[in-house]
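Residue numbers (the UniProt record's numbering), protein chains in the order written: chain A, 1 to 309; chain B, 1 to 507.
No lab work stands behind these hints: they were computed from the structure. Each hint should be verified, as a subset may be incorrect.
[Unchecked claim] Label pairs and their calculated CB-CB ranges:
{"no.": "1", "chain 1": "B", "residue 1": "D253", "chain 2": "A", "residue 2": "V29", "range": "33 to 43 Å"}
{"no.": "2", "chain 1": "A", "residue 1": "M149", "chain 2": "B", "residue 2": "S102", "range": "46 to 56 Å"}
{"no.": "3", "chain 1": "A", "residue 1": "V29", "chain 2": "B", "residue 2": "A374", "range": "42 to 52 Å"}
{"no.": "4", "chain 1": "B", "residue 1": "K255", "chain 2": "A", "residue 2": "A137", "range": "48 to 58 Å"}
{"no.": "5", "chain 1": "B", "residue 1": "E107", "chain 2": "A", "residue 2": "V267", "range": "52 to 62 Å"}
{"no.": "6", "chain 1": "B", "residue 1": "D253", "chain 2": "A", "residue 2": "T3", "range": "33 to 43 Å"}
{"no.": "7", "chain 1": "B", "residue 1": "D176", "chain 2": "A", "residue 2": "P30", "range": "20 to 30 Å"}
{"no.": "8", "chain 1": "B", "residue 1": "G307", "chain 2": "A", "residue 2": "A137", "range": "35 to 45 Å"}
{"no.": "9", "chain 1": "B", "residue 1": "L366", "chain 2": "A", "residue 2": "V29", "range": "21 to 31 Å"}
{"no.": "10", "chain 1": "A", "residue 1": "A68", "chain 2": "B", "residue 2": "M334", "range": "53 to 63 Å"}
{"no.": "11", "chain 1": "B", "residue 1": "N383", "chain 2": "A", "residue 2": "M28", "range": "16 to 26 Å"}
[Said to hold, decoys possible] Here are the computed lysine to any residue pairs in the SDA-like style, where the Cα-Cα straight-line distance is at most 20 Å:
{"no.": "12", "chain 1": "B", "residue 1": "K120", "chain 2": "A", "residue 2": "E45"}
{"no.": "13", "chain 1": "B", "residue 1": "K120", "chain 2": "A", "residue 2": "R51"}
{"no.": "14", "chain 1": "B", "residue 1": "K195", "chain 2": "A", "residue 2": "R51"}
{"no.": "15", "chain 1": "B", "residue 1": "K199", "chain 2": "A", "residue 2": "E45"}
{"no.": "16", "chain 1": "B", "residue 1": "K195", "chain 2": "A", "residue 2": "G91"}
{"no.": "17", "chain 1": "B", "residue 1": "K195", "chain 2": "A", "residue 2": "G157"}
{"no.": "18", "chain 1": "A", "residue 1": "K168", "chain 2": "B", "residue 2": "K255"}
{"no.": "19", "chain 1": "B", "residue 1": "K199", "chain 2": "A", "residue 2": "A137"}
{"no.": "20", "chain 1": "B", "residue 1": "K199", "chain 2": "A", "residue 2": "R51"}
{"no.": "21", "chain 1": "B", "residue 1": "K195", "chain 2": "A", "residue 2": "F99"}
{"no.": "22", "chain 1": "A", "residue 1": "K83", "chain 2": "B", "residue 2": "E193"}
{"no.": "23", "chain 1": "B", "residue 1": "K255", "chain 2": "A", "residue 2": "G157"}
{"no.": "24", "chain 1": "B", "residue 1": "K192", "chain 2": "A", "residue 2": "Q92"}
[What the hints assert, rightly or not] Coverage of chain A stretches by chain B, computed from C-beta distances (three or more under 8 Å per stretch; other residues unrestricted):
{"no.": "25", "region": "26 to 32"}
{"no.": "26", "region": "77 to 85"}
{"no.": "27", "region": "250 to 262"}
{"no.": "28", "region": "275 to 289"}
Yeah, the Cβ is synthetic: ideal placement off N, Cα and C, and Gly gets one too.
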Amino acid sequence: MQTILRRIIQLIFVLAGICIVTFLLVHMVPGDPARVIAGDRASPETIEAIRQRFGLDQPLWQQFMTYAGNVFAGDIGQSMRYKRPVVALIGQYIWPTLFLTGYVVCLAVPPSIALAIASARRPGSLADQLIRFIGIAGMAIPVFWLGIMMSRFFGVGLGWFPVSGYGKTFADHLHHLFLPALSTAIWMVPVLVQSLRAALIEKASADFVVAARAQGAGEREIFWRTVLPNAILPTLNLFGVLVAFLIGGTIIVETVYAVPGLGTLMVNSLLARDYQVVQGLTLMFAVTTVVVTFLVDLLSAAIDPRARV
Amino acid sequence: MKTIKKAMLAAALGLAVFSPGGAAQAESVIRIASPYPATTLDPSRSGAAGNIEVYGQLYSRLLRRNFETGELEPGLAEKWEAATDGMTYTLHLRDAKFSDGSPVTAEDVAFSLERVRSDKESALPSPLAAVESISAPDAKTVVIKMKHALAPMLANLELWNVGIVSKADVDKRGVDGAFNSVPLSSGPYMVKEWKPGEKLVLAPNPNYWRQGYPKSEASVELVEVAEPETAAAMLKTGEVDVMRGVNWAQIDDLKATDGIDMRMEPSNVIFVSLLNHGREPFSNLKARQAAAYALDNKALTQAVTSGYAKPANTPLPGSLQFHDDNYPGIVADMEKAKQLLAESGMAGKEVKIILGSGSTNQQIGLLMQAQWEAIGLKPVLVNVDTPGWWDATGKGEYDATPTWWMNEVTDPDLAVRWALCGECDSHAFNTFYNNKRVNELTEQGSREQDPAKRAAIYQEISKIATEEVSQIPLYYSPYAIAYSKRLKNLKMTPAMQWTLEETTIEQ
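Assemble the whole structure, with the sequences as input and the hints as a guide.
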């Protein structure tokens with residue numbers, strides 16, 4: 001209970017800070033949303049009329065007070081460009097991103113655990129060397145390049161997968177998002193493997209493992225009940241950060257595979273200086289990050305009693 | 001090893017869910033991938049490329065341009081009379097309906113034109129700037145009274161922003177409500193679904209006034225794809241039928257691909273380098289001339305566009321009426337450039353070249369930098385994004401920048417007002433070029449009714465601007481568009497309009 005309360009208070013401060021910082025940042029970047037709305041040939045009078053309509057001619061602090069007031073009342077605003085509520089836009093774009101994130105997790109977690117265990121079982125063995133080498137290669141390949149190559153090979157060349165979009169049905173989603181998810185997973189698996197492998201090796205020689213062995217526990221039992229639960233905690237935290245990052249950070253694969261997700265919305269809105277959308281998205285990412293870390297903490301507490309406060 | 005097998009098995013399972021073979025193309029859809037987004041469906045409110053392309057599909061105009069001949073023909077106006085002094089136009093409407101079946105009346109026309117002319121947020125009021133009043137004496141007649149005669153007046157009634165919208169609907173739903181999702185349409189298509197930033201889905205408008213059009217039953221999806229690599233892959237796999245904005249570097253590959261028709265379509269587009277006349281070094285005429293003589297735009301066009309574009313000889317689009325193809329313009333000469341720069345006293349000055357995004361801008365910028373360094377200027381490259389570019393050029397915080405623009409119509413009046421006239425709205429496209437003679441000629445040209453005299457006026461304007469280097473002309477660029485061969489009769493007109501209503505699909 002106390003943890004939850006503390007989290008909520010923390011969340012409020014984080015959100016207030018994010019609000020102020022994003023507001024200042026987006027408004028101070030040079031560039032005028034009215035110009036993007038009206039197009040290249042619009043006259044200064046037209047631009048001024050549009051600025052007035054959205055209150056952009058007011059002093060910055062006044063604009064911020066209006067914005068903060070609205071957010072406090074639960075309204076994160078309206079897109080100046082599309083004249084639609086930010087919430088509706090996020091609602092349109094969030095599903096591909098969530099699906100993609102879930103897909104990446106499904107593709108990345110099982111092999112990560114399997115590879116880390118295989119690698120940590122006998123450090124320095126051929127299997128370990130191989131996994132580490134492939135891991136470094138996987139991390140070193142730019143996602144952008146990998147995405148384009150896979151779309152050329154599996155999409156254009158072999159015709160196994162579509163090279164764009166999201167599809168309509170569940171099976172469609174699986175089909176359309178396979179290459180984007182794989183491109184992301186290829187980068188994510190090595191990160192997880194490295195972390196989990198290091199922890200497994202470290203915990204395998206920990207005092208409590210020696211103690212368990214002295215008590216006569218079998219190797220199999222020691223691994224599953226003692227080593228793994230202890231080793232998985234740091235990786236779980238890392239995993240949480242990665243997932244939170246994925247929800248806003250899949251912009252590269254979204255661009256390469258033309259997936260209409262939140263990353264795309266963020267970049268489009270930034271390029272259009274659609275302030276309210278950028279602010280709304282940043283707020284949402286902040287909330288997501290806090291929520292995901294909270295869930296990870298809960299999960300850690302379930303695995304490890306010491307993590308309970 | 002067992003675990004590795006397990007991992008491979010998991011990956012294989014992931015694959016097995018899917019059957020090979022691309023997305024089903026059974027239902028009849030024409031899909032167009034474009035990097036230019038549709039951001040508003042209100043024809044008076046934006047002049048951005050992605051919107052201009054859509055307006056023509058949703059809103060009919062009083063006159064229309066024949067897709068084949070390019071001639072003006074009756075549109076929503078069946079016939080019209082122009083007074084001999086050019087001060088009054090009387091247009092008679094045909095029986096036409098909006099997509100909901102309600103009639104298109106003279107009141108709707110007057111309302112639509114008035115929004116473009118006098119609404120504060122109208123993106124481009126200049127085509128109707130010479131209009132004194134618009135009235136609707138009866139349901140089928142529109143009378144336009146002029147402040148002064150305007151030679152291109154009828155052509156201006158065919159522009160992208162004077163499409164006819166429903167007054168009743170805007171009154172009922174308000175401006176935002178009427179245009180933010182499914183507006184009433186008077187054109188060949190109507191909106192089926194709009195997912196901003198993703199795609200706009202259009203369906204044939206059953207109430208379109210041109211009987212038998214659109215020729216195909218197919219719906220149309222305008223899909224936003226920012227990355228040209230992605231768009232090309234989508235075209236090759238059949239996920240889209242058309243790719244707008246093919247990169248020069250992609251042309252040869254797409255030409256060699258089966259089933260794809262890679263075309264260069266004529267446009268009113270010109271690439272130029274803006275120069276800032278508001279500060280040194282380019283406030284100095286000789287320094288501007290030096291910069292122009294140093295840039296060999298024939299070589300530059302070959303290098304950047306692989307010869308697919310045509311070198312420009314004046315700062316106005318070469319497809320405009322009265323343009324003199326034989327005028328030599330400034331012919332590159334490094335010795336002369338060095339000499340002019342020495343005479344100007346601007347040698348060694350820093351030149352801030354700002355570059356918008358995209359490989360073309362980057363390439364042109366690098367060439368400009370190299371050439372100007374060679375004659376003794378000190379060019380510095382700065383990268384910005386599009387809103388940042390408008391900010392910097394609008395405030396005059398730059399010295400030079402490569403960019404492009406297009407004229408909506410082939411009449412040169414609007415083009416001159418946009419790019420060369422110092423007293424019109426745009427500060428001569430943010431160059432702050434201001435030549436009294438050019439400004440006077442601009443007004444004369446729009447009032448003159450005799451084509452021969454107009455030709456002389458616009459050629460004089462071009463000559464002055466070229467010699468004074470208002471901007472450095474680079475090249476005239478065609479639209480590079482790749483089409484699936486299953487589509488017949490689809491193209492983009494120079495005014496950036498798709499001929500979708502003529503298009504059929506071959507199975």
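Hint by hint, which ones does the structure fall short of?
3, 4, 5, 6, 14, 15, 17, 18, 19, 20, 28
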